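Undergrad: Here are the chains, one letter per residue:
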Amino acid sequence: MSVIRTTLFAAALAVVLSAPARAADPGITDSEITIGLFAPMSGPLAAFGLDALQAAKMWYEETNKKGGIHGRKIKVIVEDDKCVPNEVVAVVKKLITVDKTFIVHGGSCTAAAVAAQEFVTREKVPHVMLNASGDGAVIPPTRYVFGAFAGTQRTVGATLAEFAVKELKGKRIAVIAHDDEYGVANSATLKAVATALGAQIVAAELISPRVTDVTAPLLTIRAANPDVIVSTAYPGPAVLIGQKYGEFAMMKTPLVQAIQGIPVPAVYAKNVGNDAALTNFYYGSPLNDLTEGPKQQKWLALYKQYYPDRQPSGFMAYGLPSAMAVTRALEKAGKDVTRESFIDALETVNFDSEVIAGPTAFAKDRRDGARSSLFIKFDGKTHTLMPGVYTWDGKAGM
Amino acid sequence: MSPLLLQGVASGIVTGCVYALIALSLVIVYKSSDVINFAGGEMVMLGGYLGMFALLWLGLPYLLIFPFGALMIFIVGALFDRVVLTRVVGRTIPGQSILVAMIIGTVGLSYVLKGAVRVIPYTEEVRRLPPFSSGAPIFIGPVVLQHQDIAIVVAAVAIMAALWAFFSFTLVGKALRATSQNPRAAALVGIPVRVMSMTAWGLAAALAGVAGILLAPKLLITPDMGVIVILALAAAIIGGFVSLPGCVAGGIVLGVVQNLIGLYVSSRAISLAPFLVIMIVLLLRPQGLFAGKAAAKKV
Chain L
1 MSVIRTTLFA
11 AALAVVLSAP
21 ARAADPGITD
31 SEITIGLFAP
41 MSGPLAAFGL
51 DALQAAKMWY
61 EETNKKGGIH
71 GRKIKVIVED
81 DKCVPNEVVA
91 VVKKLITVDK
101 TFIVHGGSCT
111 AAAVAAQEFV
121 TREKVPHVML
131 NASGDGAVIP
141 PTRYVFGAFA
151 GTQRTVGATL
161 AEFAVKELKG
171 KRIAVIAHDD
181 EYGVANSATL
191 KAVATALGAQ
201 IVAAELISPR
211 VTDVTAPLLT
221 IRAANPDVIV
231 STAYPGPAVL
241 IGQKYGEFAM
251 MKTPLVQAIQ
261 GIPVPAVYAK
271 NVGNDAALTN
281 FYYGSPLNDL
291 TEGPKQQKWL
301 ALYKQYYPDR
311 QPSGFMAYGL
321 PSAMAVTRAL
331 EKAGKDVTRE
341 SFIDALETVN
351 FDSEVIAGPT
361 AFAKDRRDGA
371 RSSLFIKFDG
381 KTHTLMPGVY
391 TWDGKAGM
Chain P
399 MSPLLLQGVA
409 SGIVTGCVYA
419 LIALSLVIVY
429 KSSDVINFAG
439 GEMVMLGGYL
449 GMFALLWLGL
459 PYLLIFPFGA
469 LMIFIVGALF
479 DRVVLTRVVG
489 RTIPGQSILV
499 AMIIGTVGLS
509 YVLKGAVRVI
519 PYTEEVRRLP
529 PFSSGAPIFI
539 GPVVLQHQDI
549 AIVVAAVAIM
559 AALWAFFSFT
569 LVGKALRATS
579 QNPRAAALVG
589 IPVRVMSMTA
599 WGLAAALAGV
609 AGILLAPKLL
619 ITPDMGVIVI
629 LALAAAIIGG
639 FVSLPGCVAG
649 GIVLGVVQNL
659 IGLYVSSRAI
669 SLAPFLVIMI
679 VLLLRPQGLF
689 AGKAAAKKV
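Here the protein sequences line up with chains L and P, keeping their order.
Its first residue numbered 1, the first sequence is counted upward by one per residue in our numbering.
Its first residue numbered 399, the second sequence is counted upward by one per residue in our numbering.
Note that these hints are calculated values from the structure, not bench results.
A couple of the hints might just be wrong.
[Stated by the list, open to error] A few chain L residues facing chain P, derived, Cβ under 10 Å: (1) S208; (2) R210; (3) G236; (4) K244; (5) A249; (6) M251; (7) T253; (8) K270; (9) N271; (10) G273; (11) D336.
[Claimed, not checked] The following residues of chain L were derived to be distant from chain P, with all beta-carbon distances above 12 Å: (12) V78; (13) V202; (14) R222.
[As the list claims (entries may be wrong)] What the simulated footprint calls covered on chain P by chain L, stretch by stretch (three residues with Cβ under 8 Å from a Cβ of chain L suffice, anywhere in the stretch; the number is not a length): (15) 402-412; (16) 483-497; (17) 608-620; (18) 665-674.
All figures in this text were calculated on a predicted structure; none of them were measured in a lab.
Idealized CB from N, CA, C, for every residue including glycine.
My request is simple: use the sequences and hints to build the entire structure.
TA: Rendered as structure tokens:
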């Protein structure tokens with residue numbers, strides 16, 4: 001009898017010991033990994049998220065076509081967060097507690113993504129942001145949140161400064177930024193990098209994101225006589241700046257705008273409505289090429305295969321690196337992946353996504369995935385890639 | 399005077415003229431119904447989009463988009479008065495303030511207009527009307543002005559003059575003034591008060607719409623451009639909220655003050671300018687700069 005009991009006990013112990021650790025984490029079986037994918041797909045901010053989300057979904061489907069990861073197929077549960085913080089929290093709670101997803105992957109607006117941070121940290125569920133890139137979500141780093149796959153505002157500021165000084169030979173830089181969290185982050189880094197490179201900040205104008213007239217800041221900048229003007233304004237104010245820059249005939253001084261002000265360059269040119277204002281104009285981009293350049297063509301073609309009726313917005317490609325990072329980390333974590341081992345693996349990824357300008361990488365003390373930009377000269381019709389890739393060192397502006 | 403100051407003042411006068419037009423729209427509503435129209439900004443926004451619709455889709459000549467936009471928004475304003483405000487007033491229970499209910503009605507209208515515009519996919523991106531007058535910049539000494547700027551000032555002044563003539567010399571204008579001063583007496587002499595109220599709302603909406611078309615080449619059209627109403631509110635308060643010439647002057651003062659604050663204090667302070675002006679006027683001269691101490695609320 002005791003032999004039977006001992007045998008049964010040994011067998012039970014063997015089963016317990018041999019059971020994969022993954023059993024403790026929901027959302028993963030021997031054949032499937034469930035990922036909660038969310039972005040704004042309706043409402044005024046849908047343009048930021050819809051194509052990026054569909055691109056991420058496309059990547060997961062491509063991965064499944066190639067056999068999945070360690071024999072498991074990726075199952076995606078999609079939710080619409082509308083970029084509204086309360087909606088994001090509700091969506092994340094639903095995905096984690098009701099749908100029992102292994103990780104959550106989503107968020108196109110930083111403020112909304114930050115709202116979910118407390119919950120994912122408490123539940124110890126990895127949250128990989130889709131294309132939200134605000135500093136607030138990833139700096140300072142927290143264990144469970146990864147993002148900024150197109151670079152934070154510190155990256156925007158640092159790379160603009162580097163381009164203005166190194167490529168445009170600026171010695172006297174004028175800066176226009178918004179007086180919000182984004183503007184404070186990018187302008188502080190911009191000033192730090194420009195100063196470190198030996199340039200002088202001769203004007204630093206902080207404007208409201210809801211500004212309706214930029215006469216005063218542009219006049220102040222004109223009076224300061226800079227040799228490069230750098231702007232990190234959003235699309236509306238960016239156009240106002242472009243208009244006034246043209247009206248005040250400041251075209252001898254190059255104007256460089258950050259990507260957030262120029263989501264669609266042709267629309268920017270049309271709204272500025274003055275070809276002369278584009279004779280000395282540049283904008284930054286986190287991508288590795290022009291939006292429709294040769295290096296982006298394969299992604300555009302793939303997207304067309306999956307969504308033949310949809311013309312993708314410029315935000316489409318931004319959804320890919322985050323999905324690539326997720327699949328790489330799942331591969332690295334091995335067959336017995338857990339949420340914690342997934343995070344450990346994600347902390348070690350460092351790869352060329354063939355989508356963005358520099359590597360996509362994380363580390364134990366780094367949660368922003370991208371730190372590089374390139375720059376494009378745009379005269380209203382022709383886009384010309386400028387030489388070099390500019391990279392934030394991760395220190396300036398911290 | 400320094401060139402910087404001159405340019406700031408000149409540009410301020412241009413934008414101030416548009417603030418003045420929106421302020422006129424607010425004052426006309428206030429004088430006719432004692433209500434501050436919180437949907438005034440959204441009427442400006444709707445004007446901008448209607449102007450673009452008329453220009454790009456209907457292919458109307460630029461000059462015709464002004465009467466087209468004005469007519470369309472006149473209908474919106476008049477219908478709002480007839481369909482919403484009349485019912486709101488009729489359903490107010492004893493002890494409940496009619497004015498509060500009406501003001502909430504205007505807040506509701508602002509959300510309805512903004513929401514209605516947002517469901518159109520075309521509004522996802524910022525848009526701009528082409529300038530209705532273009533050419534090489536005009537240099538007046540050190541001051542640079544665009545043809546568009548001159549056209550805005552001329553159009554705003556022409557509209558203000560037409561408004562003055564309408565209220566002073568036409569029967570409808572006089573009937574509107576009579577209704578705003580004493581609706582009961584106006585009704586007793588045979589003025590259709592209900593129609594006058596609709597006309598006042600329609601006229602105010604049309605003014606806001608025209609201001610939107612004038613602004614659209616300068617400020618871009620977005621569903622959120624209605625926030626500009628706060629500037630018009632400040633302009634109206636400077637003018638005392640009942641004086642039409644006062645709010646015109648208030649708009650111009652505000653446009654100039656904004657630029658001067660931006661130039662000599664900080665660009666960050668530009669958005670504070672209207673609130674600062676509202677507070678200073680309310681503290682030092684609550685009746686406004688252009689109303690006497692003993693002035694009646696309605697003139």
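Undergrad: Now tell me if each hint is right for this structure.
TA: Cross-check of the supplied hints:
1. S208: The hint holds - S208 of chain L has a Cβ within 10 Å of chain P, the shortest such distance being about 4 Å.
2. R210: With a minimum Cβ separation of about 6 Å from chain P (threshold 10 Å), the hint on R210 of chain L holds.
3. G236: Check passed: Cβ of G236 of chain L comes within 5 Å of chain P, closer than 10 Å.
4. K244: Nearest chain P Cβ about 9 Å off; hint holds.
5. A249: 7 Å, holds
6. M251: 12 Å, violated
7. T253: 16 Å, violated
8. K270: This interface hint holds because 7 Å falls under the 10 Å limit.
9. N271: 4 Å, holds
10. G273: Check passed: Cβ of G273 of chain L comes within 6 Å of chain P, closer than 10 Å.
11. D336: 45 Å, violated
12. V78: Since the minimum Cβ distance to chain P is about 21 Å, V78 of chain L lies beyond 12 Å and the statement holds.
13. V202: 14 Å, holds
14. R222: For R222 of chain L, whose nearest Cβ neighbour in chain P is about 8 Å away, the distance does not exceed 12 Å, so it is violated.
15. 402-412: holds (count 5)
16. 483-497: violated (count 0)
17. 608-620: holds (count 5)
18. 665-674: holds (count 4)
This entry does not satisfy hints 6, 7, 11, 14, 16, going by the numbered hints stated previously.
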